[in-house]
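Trainee: Counting in the numbering used here, the first sequence runs from 1 upward without gaps.
Any given hint could be a false lead.
[Stated by the list, open to error] Simulated restraints on C-beta separations:
#, residue 1, residue 2, range
1, Gln406, Thr205, 45 to 55 Å
2, Ser121, Arg422, 36 to 46 Å
3, Thr205, Arg374, 52 to 62 Å
4, Arg66, Leu27, 31 to 41 Å
5, Ser121, Lys217, 11 to 21 Å
[Said to hold, decoys possible] In silico DMTMM-like links for lysine to aspartate or glutamate, alpha-carbon gap of 25 Å or less:
#, residue 1, residue 2
6, Lys217, Asp31
7, Lys350, Glu123
8, Lys378, Glu297
9, Lys163, Glu297
10, Lys23, Glu42
11, Lys93, Glu82
12, Lys23, Glu115
13, Lys93, Asp31
14, Lys23, Glu46
15, Lys217, Asp229
16, Lys163, Glu251
17, Lys23, Asp229
18, Lys378, Asp221
19, Lys378, Glu123
20, Lys23, Glu12
21, Lys88, Glu46
Bear in mind the hints are in silico, worked out from the structure with no lab data behind them.
Treat the numbers as computed from the prediction; the structure is a model and nothing was measured.
Each residue gets a CB set at the ideal place from its N, CA and C atoms; glycine is no exception.
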Amino acid sequence: MIDVRLLRTDLEAVRARMARRAKPDLLVQLDNAAALDGRLREFAAERDSIRRQVNDLSKQVGQLRRDGKAAEADAAMAQSREFGDEEKGLAAKTAEVEEQLRQILLRIPNIISDEAPDGASDEANPVIRVHGFDGVAFDDHQRVPHWETGVALGILDNERAAKISGAMFTMLRGAGATMARALCQLALDRNADAFEEVRPPTLVTTATLTSTGQLPKFADDAYSIERDDLWCIPTAEVPLTSISAGEILDEADLPKRFMAYSPCYRRESGSAGRDTRGLLRGHEFDKVEILAYAAPEQGRALLDEFVARAAGTMEALGLPYRVIGICSGDLGQSHHLSFDIEVYAPGCDKWLEVSSVSWFSDYQARRADIRFRRTGQKGTEHVHTLNGSALAVPRVLAAILENYRQSDGSVAVPDVLRPYMRGITAIGPK
RNA sequence: GGAAGGAUGCCCGAGUGGCCGAAGGGACACGCCUCGAAAGCGUGCGAGGUUUCUGCCUCCGUGGGUUCAAAUCCCACUCCUUCCGCCA
Numbered sequence: 001m002i003d004v005r006l007l008r009t010d011l012e013a014v015r016a017r018m019a020r021r022a023k024p025d026l027l028v029q030l031d032n033a034a035a036l037d038g039r040l041r042e043f044a045a046e047r048d049s050i051r052r053q054v055n056d057l058s059k060q061v062g063q064l065r066r067d068g069k070a071a072e073a074d075a076a077m078a079q080s081r082e083f084g085d086e087e088k089g090l091a092a093k094t095a096e097v098e099e100q101l102r103q104i105l106l107r108i109p110n111i112i113s114d115e116a117p118d119g120a121s122d123e124a125n126p127v128i129r130v131h132g133f134d135g136v137a138f139d140d141h142q143r144v145p146h147w148e149t150g151v152a153l154g155i156l157d158n159e160r161a162a163k164i165s166g167a168m169f170t171m172l173r174g175a176g177a178t179m180a181r182a183l184c185q186l187a188l189d190r191n192a193d194a195f196e197e198v199r200p201p202t203l204v205t206t207a208t209l210t211s212t213g214q215l216p217k218f219a220d221d222a223y224s225i226e227r228d229d230l231w232c233i234p235t236a237e238v239p240l241t242s243i244s245a246g247e248i249l250d251e252a253d254l255p256k257r258f259m260a261y262s263p264c265y266r267r268e269s270g271s272a273g274r275d276t277r278g279l280l281r282g283h284e285f286d287k288v289e290i291l292a293y294a295a296p297e298q299g300r301a302l303l304d305e306f307v308a309r310a311a312g313t314m315e316a317l318g319l320p321y322r323v324i325g326i327c328s329g330d331l332g333q334s335h336h337l338s339f340d341i342e343v344y345a346p347g348c349d350k351w352l353e354v355s356s357v358s359w360f361s362d363y364q365a366r367r368a369d370i371r372f373r374r375t376g377q378k379g380t381e382h383v384h385t386l387n388g389s390a391l392a393v394p395r396v397l398a399a400i401l402e403n404y405r406q407s408d409g410s411v412a413v414p415d416v417l418r419p420y421m422r423g424i425t426a427i428g429p430k
């Protein structure tokens, strides 16, 4: 959530920056929030003054009792009781307005970085750079979609996945399953130099899913386990971000970095019928996520580092990729500045989004209440959070099945994966 | 699932209605001492809000309640520990 204080000190500036998201209703919500915040401050001042009088009178009652002045003590008690009643009425009004403000604030998106390009939708996202694609010719044997190759080689069995779990679930078999696991291992190993590996819970509380921004607005996108009031994580970003929820960190410990392999669960409620074939979009998939808590001034450089790490892994895998800048109209609710990495899959002739790397400024940290203290200084500030996919398995796997398909129909295993694949160098028909 | 005990500041820990935002210790910071360090001594040391008048308000797991007054009493919940049951 954004800092309410900005609405008091700089409402016009916030409005101007929020306008770039091209959602007119947002500006109305900003005004509403500012107004509610103003009322709340009046209530607070009033309450403080009542509390003060009650506190004073209560102290007097104690003293008067000790001095044996019963009549005066009773008078003070009566007076204090009146203040108490007044306070109760005020507290009820305050609670109501607080809740109204909270509900609005939870739905107001993050302030966009000035660096994010203007644009209405993903179609306006600029290509920042392309690697391994320009001028490269793809052979006919690479122009086979992975769902055909996968079935032919017996490593992709979505038909049975559907029998087991329904549509949009995938099942990898044999060398396909091995390669999926190898990709995770590769991504973890490539980032182990700087990130602590975590194996987090993948079922989380409502509070945890709210901290990262999925709730309350995007409840339909997540699987919920109502009986136990738990949610399936859509990404390891969710539990990793909440590791230090409610904690105050030392500046010296920043940036604090975590990485995690986890399954990810998504209802894909808004995308029924899109990319349903093969491995492009499933309800459950594996991903390795990298994440950092940072001091604000560290954020921008870390964002570049994260992009470089994700891109470096694609390069190591020998996949053509490009880096995309996310424009103002396409930036997610919690995002301050983001880049996507897409790999080219010649078989389906598509650029597949395999990584999204984002800087959230203090938006998530404020929701999760993660702060840090600067060395030798009093007070605290919210940290900045960043995260990105180090590697999203299914689409990378799809890209490998297409880019590495040989003329005989087999698929060569990229060199960097071979150590993780029990010596398999190529996947041939069974 | 059943039973018992517990949750206090960065950590440990005292505190069963007013004099408690909270003893004491540790850690940490600064100063003294020292060639330097350790030890000693002194000072400081939770967070947030409001204000700038260093005053006021809030926070002792969370949420409610009782009271003139709650860390302290009552209720509910959450989490932790131990034991039993169950079970990978």
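Trainee: None of the hints should be skipped; say for each whether it holds.
Mentor: Verification of the supplied hints:
With their beta carbons about 48 Å apart, Gln406 and Thr205 fall inside the hinted range of 45 to 55 Å. Distance hint check for Ser121 and Arg422: the Cβ-Cβ separation is about 45 Å, which falls inside the suggested range of 36 to 46 Å. Taken as a hint, the range 52 to 62 Å is violated for the pair Thr205 and Arg374, whose Cβ atoms sit roughly 31 Å apart. Between Arg66 and Leu27 the C-beta distance comes to about 59 Å, which lies outside the given range of 31 to 41 Å.
For the hinted restraint 11 to 21 Å between Ser121 and Lys217, the CB-CB distance of approximately 19 Å keeps it satisfied. Of the supplied pair hints, the one linking Lys217 and Asp31 holds, its CA atoms being roughly 20 Å apart against a limit of 25 Å. The straight-line distance between the Cα atoms of Lys350 and Glu123 is roughly 14 Å, inside the 25 Å bound, and the hint therefore holds. The hinted pair formed by Lys378 and Glu297 meets the criterion: a straight-line CA distance of about 18 Å does not exceed 25 Å.
A distance of roughly 51 Å separates the Cα atoms of Lys163 and Glu297; the hinted pair therefore is violated under the 25 Å criterion. With a C-alpha separation of about 30 Å, the suggested pair Lys23 and Glu42 falls outside the 25 Å cut-off, and the hint is violated. A hinted pair counts as satisfied when its Cα atoms are at most 25 Å apart, and Lys93 with Glu82 qualifies at roughly 17 Å. Distance check on the hinted pair: Lys23 and Glu115 sit about 19 Å apart at the alpha-carbon level, within 25 Å; holds.
The suggested pairing of Lys93 with Asp31 holds, with an alpha-carbon distance near 20 Å, which does not exceed 25 Å. For the hint linking Lys23 to Glu46, the alpha-carbon distance of about 36 Å lies beyond 25 Å, and the restraint is violated. Proposed proximity of Lys217 and Asp229 is supported: the alpha carbons are some 17 Å apart, at most 25 Å. Taken as a hint, the Lys163 and Glu251 pair is broken in the structure, with Cα atoms around 52 Å apart against an allowance of 25 Å.
About 32 Å separates the Cα atoms of Lys23 and Asp229, which puts this hinted pair outside 25 Å; it is violated. Taking the CA atoms of Lys378 and Asp221, the gap is near 41 Å; set against the 25 Å cutoff, the hint is violated. With a CA separation close to 46 Å, the supplied pair Lys378 and Glu123 exceeds the 25 Å bound. Restraint check for Lys23 and Glu12: satisfied, since their Cα atoms lie roughly 16 Å apart, inside the 25 Å limit.
For the hint linking Lys88 to Glu46, the alpha-carbon distance of about 12 Å falls within 25 Å, and the restraint holds.
Of the numbered hints listed earlier, those contradicted by the structure are 3, 4, 9, 10, 14, 16, 17, 18 and 19.
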